[in-house]
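Residue numbers (my numbering), protein chains in the order written: chain H, 1 to 384; chain B, 1 to 120.
Treat the hints as calculated values from the structure; they're not laboratory data.
A portion of the hints provided could be inaccurate.
[Stated by the list, open to error] 30 Å max Cα-Cα, derived DSS-like pairs, lysine-lysine:
#1 Lys-72(H) with Lys-187(H)
#2 Lys-187(H) with Lys-39(B)
#3 Lys-46(B) with Lys-70(H)
#4 Lys-112(B) with Lys-14(B)
Note that the structure is a prediction, hence the values are computed from the model and not measured.
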Amino acid sequence: MELTKDEEKSLNGEHGEALQIAYRILSATGEATDAEKLVPIDWAHVSGVNYNTIGDAGEEFLATLSKNAKFKVRTTVNPMGYDKDSVEKFGLDENFIQKQESIRESYKKMGVIPSFSCIPYEIYDMPQEGTQVAFAETNAAIYANSIGKLKTNKESAFSALASAITGKSPYSDLRKDDSPTMSIAMKVSDPNELTFGLLGYFAGKVADKSVAISGVKNLDKRCNKSLCASMGTSGSCGKFVLDDNSGASEKVDFDEKEMQKVYDELNTTESGDMVTLGSPQLGLDEMNDLTSMLKGRAFKKRCLIFCPRTIQEQARHLGYASQLESAGCELMSDCCTCLTPLVTKKDVDRVTTNSIKGAYYYKNSSGLDVNLKPLSKIIEDETS
Amino acid sequence: MTLKTIVRGKVSGKVIKSIQPINFLGSIDKKTGEITDQKHDLFGKKIADSILVFPNGIGSSVGAYTIYSLKSNNVAPAAMACQKVDLTVASGCALANIPLFILSPDEYENMKDGDEISLG
Numbered sequence: 001m002e003l004t005k006d007e008e009k010s011l012n013g014e015h016g017e018a019l020q021i022a023y024r025i026l027s028a029t030g031e032a033t034d035a036e037k038l039v040p041i042d043w044a045h046v047s048g049v050n051y052n053t054i055g056d057a058g059e060e061f062l063a064t065l066s067k068n069a070k071f072k073v074r075t076t077v078n079p080m081g082y083d084k085d086s087v088e089k090f091g092l093d094e095n096f097i098q099k100q101e102s103i104r105e106s107y108k109k110m111g112v113i114p115s116f117s118c119i120p121y122e123i124y125d126m127p128q129e130g131t132q133v134a135f136a137e138t139n140a141a142i143y144a145n146s147i148g149k150l151k152t153n154k155e156s157a158f159s160a161l162a163s164a165i166t167g168k169s170p171y172s173d174l175r176k177d178d179s180p181t182m183s184i185a186m187k188v189s190d191p192n193e194l195t196f197g198l199l200g201y202f203a204g205k206v207a208d209k210s211v212a213i214s215g216v217k218n219l220d221k222r223c224n225k226s227l228c229a230s231m232g233t234s235g236s237c238g239k240f241v242l243d244d245n246s247g248a249s250e251k252v253d254f255d256e257k258e259m260q261k262v263y264d265e266l267n268t269t270e271s272g273d274m275v276t277l278g279s280p281q282l283g284l285d286e287m288n289d290l291t292s293m294l295k296g297r298a299f300k301k302r303c304l305i306f307c308p309r310t311i312q313e314q315a316r317h318l319g320y321a322s323q324l325e326s327a328g329c330e331l332m333s334d335c336c337t338c339l340t341p342l343v344t345k346k347d348v349d350r351v352t353t354n355s356i357k358g359a360y361y362y363k364n365s366s367g368l369d370v371n372l373k374p375l376s377k378i379i380e381d382e383t384s
Numbered sequence: 001m002t003l004k005t006i007v008r009g010k011v012s013g014k015v016i017k018s019i020q021p022i023n024f025l026g027s028i029d030k031k032t033g034e035i036t037d038q039k040h041d042l043f044g045k046k047i048a049d050s051i052l053v054f055p056n057g058i059g060s061s062v063g064a065y066t067i068y069s070l071k072s073n074n075v076a077p078a079a080m081a082c083q084k085v086d087l088t089v090a091s092g093c094a095l096a097n098i099p100l101f102i103l104s105p106d107e108y109e110n111m112k113d114g115d116e117i118s119l120g
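Start from the sequences, fold in the hints, and give me the full structure.
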């Protein structure tokens with residue numbers, strides 16, 4: 001990758017350690033993806049905020065980095081480990097809270113917008129189509145490319161952080177060429193958001209950078225988010241298009257049999273001790289929807305709903321929050337299903353959810369059993 | 001000859017070869033370097049000081065922090081070698097200073113689990 005004289009100086013440490021680290025990361029990601037140069041980006045979305053996922057090494061790294069680093073472009077952040085408003089209810093240990101607060105402080109020092117959300121695309125205005133951004137959270141990167149028509153690679157926590165500090169990203173992969181190399185024919189009838197989650201998980205496994213999906217006309221937000229999140233979990237694919245005539249050379253079918261295979265990989269039990277909704281966090285439309293679906297009903301077991309802080313505030317203002325709470329839901333902000341210490345083996349063994357991404361991390365990281373169902377079925381079975 | 005060097009370094013060690021891609025978040029214990037995903041073909045193996053050979057990284061962007069943590073906890077592989085390098089593995093190795101190589105298809109094919117090799 002060609003660097004300008006100034007970028008070269010930064011890489012050699014002439015502009016300080018923070019920029020040197022950032023350019024070292026971008027040089028590696030640039031080489032790995034055969035980039036020719038770096039291009040300016042308008043917005044970085046950084047992951048690596050939850051103490052549960054980044055640990056002591058991550059916390060110390062960010063504390064040191066934040067002494068010298070400043071974000072150069074608009075930078076938003078992923079969820080952290082808990083909701084500050086309700087943290088005392090969950091009995092987290094002091095060390096966790098202390099380390100989590102240190103991480104929050106480090107990002108603040110570097111100039112972050114404290115979004116603590118995995119759905120930046122639903123809480124901020126999207127830039128013009130074609131704008132280069134650097135999104136680390138995989139569901140957000142896929143959503144930005146596929147629905148927002150922005151340009152980002154499926155960034156890592158460090159590559160997005162480096163882009164936040166330098167305002168640049170290697171010009172490669174999806175930034176350069178996002179034409180699909182594979183086409184997946186959707187053959188499952190009457191699909192819901194869980195079906196699209198299963199399709200996304202399958203697509204992530206079989207497709208490389210960009211995939212076309214045929215046989216689907218349009219998707220509502222819940223299905224789109226489910227598809228983006230599961231695709232990001234299982235593979236390296238960073239974009240999808242709904243296109244019946246994509247011209248992609250490789251073609252595969254997603255039928256009942258393939259769907260069942262993915263379902264059997266992730267669903268490990270037929271019922272849960274509690275229900276969680278979110279991963280990705282719920283947006284305002286989904287909160288509204290859920291409020292209508294729950295009219296006159298209440299959950300028979302504990303139900304946690306994860307949504308961004310700003311969405312919770314709007315939902316409160318519009319009256320959805322109180323209705324959801326009357327139906328037995330607990331609203332959680334600043335955190336999300338995936339790897340939150342709020343849902344662990346200490347309290348539950350089995351979780352019911354409609355999130356494929358949530359299921360993957362419950363199973364693999366938290367060692368929990370998962371009962372996967374679409375939202376409509378969750379409401380049918382778990383409320384009265 | 002390796003196809004491309006992403007993070008420089010000279011290393012020797014024993015190959016641990018994975019058939020499946022690796023999601024560094026959620027399938028490795030960052031304190032012990034043990035693979036904890038029961039469905040993974042490296043389940044139960046410890047990757048410390050090995051030359052970890054795998055097709056490519058997948059999944060979470062936060063996996064880069066796992067790679068960095070493995071190094072900080074002294075349980076990182078001595079080097080990694082892949083068929084295809086994704087941004088998570090590239091950036092994690094760059095920050096942790098773990099030598100990282102892209103292998104040619106032949107080389108990848110010929111590298112066997114348990115081989116003693118030198119790279120870089």
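Problem set entry | In rising order, the numbers of the hints this structure does not comply with | 1, 3
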